[in-house]
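K.L.:
Listed here are the chains, written in short residue letters.
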Amino acid sequence: MAKMDKKWVALCSAAIAAVYAAGYVTTETEAAPAQTPQQYAQTDVQSGGGWASQADPFGQNGQASKSAGQPGKTSQSKKLYKDGTYTGMGSNRRGSIQVAVTIKNDKITDVEISHFAMHYSESDVVGLPGEVLQKQSAHVNNVSGATYSTQAFEDAVQDALTQAKNA
Amino acid sequence: MTAGQWIKSPKGYVTVALAACLLIASIGAFDAKGIINGVVAVAVSVAADIVCALIGKRKRIMPDGAVITGLINALVLSVTTSLFIVAATCIVSILSKHLLVAKKKPVFNPAAFGLLLSVPLFHSGQSWWGAFGDLPAWTIALLLLGGYAVVNRVNKYPQLFAFIGTFLFLLFMMGCFHVGDAADALRPPFINAALFFAFFMLTDPPTSPAKTGGQIAFGILAAVVSAAVYACFGGLMYLFIGLLAGNLYHLLKARLSTGKEYRRGA
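As they're listed, the protein sequences go chains A and B. For the first sequence, position 72 matches number 72 in UniProt numbering, and the numbering has no gaps at all. For the second sequence, position 96 matches number 96 in UniProt numbering, and the numbering has no gaps at all.
Isolated chain B (complex conformation):
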């Protein structure tokens, strides 16, 4: 695969969009710490991915997925997070990608899994700075631009709309009935986090369904679980928990359909 072909691939689109987020957010904040975190996260993720692939005796070693995982981790973890915690989070993410597998595909979104576990394991602070949460509100337009380009490329509009539509509707209902802190979730930096999550994490092709019906069910489930966790506990982990619930649904659905095909064949 040439560089030109790669850049037009889904992973190429996501990598370019995330790298752009890293640069824009760093320039906007006049802070190079995020770039340092990004370089460390990508380097550690790629190294861990190569080591895991060698141990697993994989024929094809292409750590472009690890670059994406490293970038997402760096953009979500606060820029003040120590480099040790950034590296440790990336290692957990890559280990989940290689150890928690079904039919050679990761079960859980590696970045979401690593970031979720990094809270209880490393007490990591997550600011979603790469979603422009600390920049002026108009920068959300840049996030939408990059996000729509990626979603269009990976063909995940049904999933995106099902998730965002359901999530925002549930927040609206929470606001109407004064349940939880819907006001915060609808405003920066939390709305930026939800958009970043929906564009770049939820739509990960290996860990989410391809067919329209599956995408819609996946998006709705992730939104309902995310909103429920937010309403009950607040915090910042609600999106990851929603995504992991969706990942489990995807796994169970794939297993059930395989079982049906097997029974038909028998």
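This is chain A alone, in the form it adopts within the complex:
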């Protein structure tokens, strides 16, 4: 078979580039970065003054820690997290995950994957909400073969916790 003429190669390449550009522009709005997740069911917002630890109870060490009041400074400790259910979003180049995290008395009582839009199977990460409850931490073990989904899930839980944090 004779080789394709270079002019035809250039012409076909240009035509394909034009089709690609048309598709890219058409889908630009859909590809906009994920919007900041909204908190949809916040209940029983804690109030109260006094001293509060800035430490993150669901952070790196994976253990929830209660804030401790300092004698003489305040008589009532303040909760680090507001009770309620918060949604968080985690995304990367392979898709996004939205979770709903329920917090009560500074404990994660429920985690649910409310929207799964990764390009991988949801079954890969189905055990992660349970791991968050067990560890009381956003940091879970990496699922082999599902690194991107694990990362997005962790980011989503962390995002929900950030929203739940008391100011």
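It is worth saying that the hints were derived from the structure and are not from the lab. Bear in mind that the values here come from a model prediction, so they are computed numbers and not experimental data. Heads up, none of these hints are tricks.
For each label pair, taking beta carbons as the anchor points, the in silico distance ranges come out as: (1) A/N141 <-> B/I36: 18 to 24 Å; (2) B/I61 <-> A/E30: 46 to 52 Å; (3) A/S123 <-> B/V179: 23 to 29 Å.
Subject to a maximum C-alpha distance of 30 Å in a straight line, what follows is the list of computed DSSO-like cross-link-like pairs (lysine-lysine): (4) A/K3 <-> B/K253; (5) B/K211 <-> A/K7; (6) A/K6 <-> B/K211; (7) B/K104 <-> A/K3; (8) B/K105 <-> B/K253.
Short, incomplete list of chain A residues facing chain B, as computed with Cβ under 10 Å: (9) K3; (10) M4; (11) A22; (12) T26; (13) V143; (14) Y148.
Backbone N, C-alpha and C define an ideal beta-carbon position, used for all residues, glycine too.
Assemble the complex: chain A is given as a structure, and chain B must be docked to it using the hints.
P.N.:
Here is chain B on its own, set in the frame of chain A:
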């Protein structure tokens, strides 16, 4: 065949291009895990190919095709994939090359077959990292450079343009009518995956037609099936399914033409 002659052969071109992808992607990511996966994948593929050739009592044992299969598998599977899964995927690929044959040629693209089956069998994670999907967008230019060199050498421009043109047009239509997730497919890392696939997997000479008409039909069919699977299910397997559909078309066309020749001869 001398080393100089081999490097100028189609397989030589593909091997050099894939090895370059492996190095560039590893350097770009500051991660040596991909290179380790690549070495393991090539070693296992070559070993499996030699064993299969010995069992089949083949006169000529030249595992250069297995090197290409191993490199493609390593570049598609995520760098965090366990070495066991990398090796198992390569064995499935090489077994398909030796077991699913017609007229001593593989029916399916070995890498695509192995990678497709590795998802349900081994729950493998595929990131197409070797297509520079995690690197800055300008690195696509490097992919185009290597890809065009390979396609020019194997003389598969009609197939490449038919596939890419149809696939991108269908994604454009999907974007217009808000069907599926066309936005993702048109952006890194998915557009990188489509280009890598079109340059290095779709154009595999033994499993695709040589004549212009056949190449165009093959490319269009692979694109339509890929886009349809993506629109319906998303995921990452759509390209492999499209290619395997094209491979089946190639097999059926070859069988039909053989039947016609046989009837003419009779």
